[in-house]
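Protein chains: 2
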Amino acid sequence: MTIYDDHYLGGIEERVIRDTETARAAGAKVVGVYCAFTPKELIAAAGAIPVALCSGSDFPIPLAEQHLPRNLCALIKSSYGHAIGDSCPYFRATDLLIADATCDGKKKMFELLGRKRPLYLLQLPQTSATAESHAYWLGELRRIKVILEEETGTVITDDAIRKQIRLYNRLRTIVHEAFLLNTGPIPLLSGRELDTVTSVAGFELNLETRIAEITAALGEIKERDKDDDYIASVAGRPRILLTGCPTTNRKVLHLLEDCGGIVVAMESCGGLKTVGGLVPEQGDPLKNLAANYLSIPCACMTPNKARLDLLLAIIRDYRIDGVVELTWDGCHTYNVESFQVEECVQATGLPYLHVITDYSENDTGQLKTRIEAFLELLN
Amino acid sequence: MTIYDDHYLGGIEERVIRDTETARAAGAKVVGVYCAFTPKELIAAAGAIPVALCSGSDFPIPLAEQHLPRNLCALIKSSYGHAIGDSCPYFRATDLLIADATCDGKKKMFELLGRKRPLYLLQLPQTSATAESHAYWLGELRRIKVILEEETGTVITDDAIRKQIRLYNRLRTIVHEAFLLNTGPIPLLSGRELDTVTSVAGFELNLETRIAEITAALGEIKERDKDDDYIASVAGRPRILLTGCPTTNRKVLHLLEDCGGIVVAMESCGGLKTVGGLVPEQGDPLKNLAANYLSIPCACMTPNKARLDLLLAIIRDYRIDGVVELTWDGCHTYNVESFQVEECVQATGLPYLHVITDYSENDTGQLKTRIEAFLELLN
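Quick mapping for you: the protein sequence lines, in order, are chains A and B. Going left to right, the first sequence walks through residues 1 to 379 as the working numbering numbers them. Going left to right, the second sequence walks through residues 380 to 758 as the working numbering numbers them.
One chain only, chain A, in its complex shape (with noise of 0.2 angstroms):
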């Protein structure tokens, strides 16, 4: 199937790139964000564009490495080292920044990345437990409302605010339809065309017509049960839940699939951990974002059960084989929490394998050797 190549993809991109510079000369804000708790429908409610800026690049971290320390993971430094290296075209198109306190090696990064482009901080408690931290949080929200108020001249108005949520559920529920068509016995999309077929890459306007193309393509891909060469290609196939770090760098995800796996499911970020809940359309719209996001069970979070929870889920509905943890090497955060998850996955009885690596080639030979032989035990 073709049509979900890089051309695919590549023709997407183009269209995006000169909407925006539509948009741009008519006065339109971009608003660059790096994490999955910035809500992006605040940003586009207030006429501005919002664009994910996190990177899966290796060439920027040598560059990112004078200013940041080595051992930090690849995904901080190359998101740093593309901003100061000025070869995102993404992040050259921004106007300003929104991050959030996540992980100690992000917030003390973006405050280097302040002096680059003006930066807004939302302050993520580290817990979404507890009625304080939900307040706090919609505190943070208000406050950043009223920052893109001032920067794009535009008063946010409640029922903006409740259009994006609409809007962005649509596509939270039609990328989330593209998993569960991996829940039947024939799982019917690889890992990395459902990478493709549901990212969103780059620039965030026009979403109607990204989510028509995502429709028209889960249209196609539903027939594929009844394709013989199709089921043939994927019968006995180990089905894997690849959880863990976001997969901004494929390599892992490429391995697993190139070595005889499926990746059927993905507990990350843009993956199940973000699109499994949708925002409330009734009531307050920003309490509403504000209870949606600070629920993502994110592993800068403490505690942070609803991610075992949910891996279980995963692991029970899309009738997983074995569970393969991500972790970009220096990502304490989801480092630490990998003992709890493998005692969590070992109880189901699956096995499952923890992967510690960069953006680099280097481990390549190293990790498919690996790889390989936790695929046979699959078998």
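FYI, nobody ran anything at the bench for these hints, they're computed from the structure. Heads up, the beta-carbon is just placed ideally off N, CA and C, and yes, glycines get one too. Zero decoy hints are in this set.
Calculated lysine-lysine pairs in the DSBU-like style (CA-CA distance at most 35 angstroms, straight line):
| no. | chain 1 | residue 1 | chain 2 | residue 2 |
| --- | --- | --- | --- | --- |
| 1 | B | Lys408 | A | Lys305 |
| 2 | B | Lys684 | A | Lys287 |
| 3 | B | Lys542 | B | Lys684 |
| 4 | A | Lys287 | B | Lys524 |
| 5 | B | Lys666 | A | Lys145 |
| 6 | A | Lys305 | B | Lys524 |
| 7 | B | Lys684 | A | Lys29 |
| 8 | A | Lys116 | B | Lys684 |
| 9 | A | Lys305 | B | Lys666 |
| 10 | B | Lys666 | A | Lys287 |
To spell it out: a stretch of chain B is covered by chain A in this simulated footprint if at least three of its residues, at any positions, have a beta carbon under 8 angstroms from a beta carbon of chain A; those stretches are:
| no. | region |
| --- | --- |
| 11 | 445-451 |
| 12 | 508-519 |
The hints should help you fit chain B onto chain A, whose structure is shown.
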């Protein structure tokens, strides 16, 4: 001056352990704490005995690495290894633990430590810059106060808190006085001695006695500026400010002085980072505690400009010749912040040395070479 040697400290430790056993036999609870953010006044006001459990020894680390990533800092691994290996008499004596969500490594480690002891986590906001963060933190202290009341069966009155605030203020004041003896042209204490004289290691009870001991010691030390032998012994030694991670392990402190420097000031937990500001004794005692503790300029805070201001004040007041920053390898917050510290120090024209190490002795030779070269630069 042999009075401040190990024998001296050993005697104090023996007495404190004896007193603690007596108090425990009479029903007092022992509450372990890990960070400077935990207001010990509250614990003491409940009639319980606070004990700091941050650890400086290397030997429990391999055990900790069975559960924790190897690339966490030595301080976290040592604390955890002591706890699960039952190798720390102070931990063994604890009835419960009060911890703070400071850095990623600690907060996630505490999730596992809670299996070993009842552990209550103070949800620290990641900034002290807003009224909301202060209100949130005050709420946390209120919550922990109720927990302490339940655990100890003691109602914590405002008067009891005020009494402890006054007592701990006296301790802070006398420790600060010890530091201030190093502001003159002749530094009256080495860093080693400051560490010994001011240290309140172990169980914190009968602080009156400890304050009297420190006061007596300082009385003797003040005579040094009339002692020609002493003056000759410190003449010409470069005056070092040691900053960064807590000096739980003394290897860098000792190396600096063994190589000819004199550490006249330490900007770290228990040092000038925490003793400079007193808790106001008038007004709502819990609010006063909250405001004082949240203002500690730890690198886990963002922004943390107060630390740079403090460093500049110390450089000026303590006639500093060079600044050494200690980072326990794996501590992202201090490590990333070191970029700004270096800028800040270099703007004053002073040399800056960043030492990243762990608790092992493996790099002693290499560190010695670097430190000698740095000290030579200062002469």
